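Asker: Residues per chain are reported as follows:
Protein chains: 6
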Amino acid sequence: MPLDSNHLIGKEALLLLLHKEDQLPEKLRQLDWKYCKGKVGSMDGQKVVAAVETAAKNQGIIKSSLYRETHALYHAILEAMSGVTRGNNQIGTLLRTVGLQFAIVRGNPYKDKEEGEWIAVALYGTIGAPVKGLEHEAIGLGINHI
Amino acid sequence: MPLDSNHLIGKEALLLLLHKEDQLPEKLRQLDWKYCKGKVGSMDGQKVVAAVETAAKNQGIIKSSLYRETHALYHAILEAMSGVTRGNNQIGTLLRTVGLQFAIVRGNPYKDKEEGEWIAVALYGTIGAPVKGLEHEAIGLGINHI
Amino acid sequence: MPLDSNHLIGKEALLLLLHKEDQLPEKLRQLDWKYCKGKVGSMDGQKVVAAVETAAKNQGIIKSSLYRETHALYHAILEAMSGVTRGNNQIGTLLRTVGLQFAIVRGNPYKDKEEGEWIAVALYGTIGAPVKGLEHEAIGLGINHI
Amino acid sequence: MPLDSNHLIGKEALLLLLHKEDQLPEKLRQLDWKYCKGKVGSMDGQKVVAAVETAAKNQGIIKSSLYRETHALYHAILEAMSGVTRGNNQIGTLLRTVGLQFAIVRGNPYKDKEEGEWIAVALYGTIGAPVKGLEHEAIGLGINHI
Amino acid sequence: MPLDSNHLIGKEALLLLLHKEDQLPEKLRQLDWKYCKGKVGSMDGQKVVAAVETAAKNQGIIKSSLYRETHALYHAILEAMSGVTRGNNQIGTLLRTVGLQFAIVRGNPYKDKEEGEWIAVALYGTIGAPVKGLEHEAIGLGINHI
Amino acid sequence: MPLDSNHLIGKEALLLLLHKEDQLPEKLRQLDWKYCKGKVGSMDGQKVVAAVETAAKNQGIIKSSLYRETHALYHAILEAMSGVTRGNNQIGTLLRTVGLQFAIVRGNPYKDKEEGEWIAVALYGTIGAPVKGLEHEAIGLGINHI
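Chains as they are written, first to last, in our numbering: chain A, 2 to 147; chain B, 2 to 147; chain C, 2 to 147; chain D, 2 to 147; chain E, 2 to 147; chain F, 2 to 147.
If you are wondering where the hints come from, they were derived from the structure by calculation, not from laboratory data.
Don't take every hint at face value.
To give a feel for the contact side, a few chain F residues facing chain A, derived at Cβ under 7 Å [as the list claims (entries may be wrong)]: (1) Gly46; (2) Ala51; (3) Leu67; (4) Thr71.
Quick caveat: nothing in here was measured; it's all calculated off a predicted structure.
Glycine included, each C-beta is placed from N, C-alpha and C at the ideal position.
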């Protein structure tokens, strides 16, 4: 059941963002891992959620016809947002804004095939006052079975 | 006042962990940025805080004789923990354990020298049941002025 | 994809507790839904989590060899606890204690078979000061795909 | 001071919802317990609060001229909402919606008459994406002295 | 129903602490308002709760034989603690300690006698690392109907 | 490093509000401590943040051209709001409104000059239903190094 240190789904999602990579490493694509990237800037939490969900559905990362996949993704997004907001998932209501890139990765990070597929949502960018420059970096990662 | 995209303090702290680097890039060391790395595994939140604080003091990242530096570091640690725990900063009380590496970086990530020093605390590792393998990855990042 | 109003997994878990039933209705047992019940009283959050997890594993509700099943159950337990504690998942650290019954149900509550299995954890009992009688009722329900 | 197991105010409120009952059991009506039921669907937390408050006032469960009664009810509603939202009391800002039924019950659930009146607010229904069918059940219960 | 600006229960509780007063103003004692003061220092949240509860019972501010009074006090204490801890009610588990004075006041702060009695719990002191001097001030106030 | 009991920055900020004082004591003005006061009433959390930030900038308490000063102030405001809202920093979304006075004080509350400047934000007023009179008092205090 241990994580496979060559297939760390969270780390791969984070590196897609931090290195501005366009794709996952070759070995993971061969394993048929799915992924996509996107951007969202907003003071409105629901727009962040929507941007990630829409990308995941449009890029075929999840099946939009299955609620269980949307449910898995949704909770991964909220967990990633709690890293960015450091706990409360509030943005504009506290007079702050985010400028984020996101990466979504789907695959099995465990040595045991039985563990099946998991989904990772990584967010990286800035959070701060709604004034250019009054901001610092933030990161978040949510991981869920799917 | 904007962030200098070559001196992103959060990103540098995260890359120290994700790439298992031993040190910051040459250009940042020349700017006299300080940093250190360490590890901590525990079900006890206060041990995570203590491990990061002790490393920061022992490695000279902060002056232990000044409360304002301890205060800046402390809040950065709590923010990083909220990413790892996804919001509540509770570990063992919810029957889970963490195995984390941490990186602490101190320097000025802004184009304007007046912005002075900032501190970033990054945590990366696993969180899960207190049983080997029943775990997934987690990340957290806290950034504060110091 | 809609919920099937005859197979509401959360409602079934709650009725097991509120009516002190010993088993699920016949129609659900014929659908091979799994369930179990138990009790736990503690000031210690991790004991509540452990009691529910242990019952689920011992009664064959989840496979203990698969982390994805433990992960699904764990988050359902935490969600149920947040109902009981009304948000913070803290018990003894705030000088209160709980006396709870729990029910765990596994099955597909949706009309579409593709939605697969879900798990519901219901908690019902009392929360209050660690003195007999200084308490009121509390409830919690967590639902997750598994 | 113990709870009277025949007069469990939280359980009665929950059964009104789960069994789609129109009224409390005869024995409780004879004790002059008050109750009402209603429905609310919204992405907006304040509309949930308002719907429950308005019903309680219109049905004479609380006296709208006394702040202490509004205060007791308000905190019971927030506690019930924290069960439904599993901790953060946020709905639309996280791109989700609720479809809830609510029951409010007022009476004395303790053996000792001196304990006076208490109020229970129970919420039961669904929470999920603002798309029909992408939802699961949720429950919440708040109890307060009044 | 408005608050009576001469009988502000929260303000009176705060002034007892900030001015190191031993008693409430004469006019409030004539109205038979009850109050007491005390101290508690701890890394353990439950000791803070216990210290305030014990003082309230021993000084006759609340009747220990009535759960409704303990319940009203308990929630006022938790609300005051959330001000001191700024949201999470965690102390030692996050490696910090508090040194607090507390004041409890009971009376009717409203113009309308029908509003009955209310209770205010005020906490004032320091919070910080478990090292002398590494601390700053904190305050909290909880108010409840009783 | 200990706090100087004659220069308690949080206490001074609170007394400005509770005593409706117009200015800090003479001894603190001679030490060149800065301060200002203001009012804000809203159901909207971001308006509370904005009112305090605007006053601090307009009155010269912080330099608006430095993000590190805005950052220090912002976190002090959020901490003060968490006292007023008792944890969740939500106002109108939970159908409640605040009527607050605020005081901001900047100075060094420690015996050691090296501790430099700190900022305190105190909020005092009422919170309650958006109906005149359905409200009670609330307080909050945030303190940060600057």
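Asker: Any CB of chain A closer than 7 Å to the CB of glycine 46 (chain F)?
Answerer: Because about 5 Å separates glycine 46 (chain F) from the closest Cβ in chain A, which is inside the 7 Å limit, the hint holds.
Asker: Against chain A, run the beta carbon of leucine 67 (chain F) and see if the smallest gap drops under 7 Å.
Answerer: For leucine 67 (chain F), the interface hint is violated, since the closest Cβ of chain A sits about 9 Å away, which is over 7 Å.
Asker: Can the hint on threonine 71 (chain F) be confirmed by a CB-to-CB distance to chain A that is less than 7 Å?
Answerer: Since the shortest Cβ distance to chain A is 5 Å, the answer is holds.
Asker: Holds or violated: is there a CB of chain A closer than 7 Å to the CB of alanine 51 (chain F)?
Answerer: holds (6 Å)
Figure legend: structure checked against the earlier numbered hints; the only hint not met is number 3.
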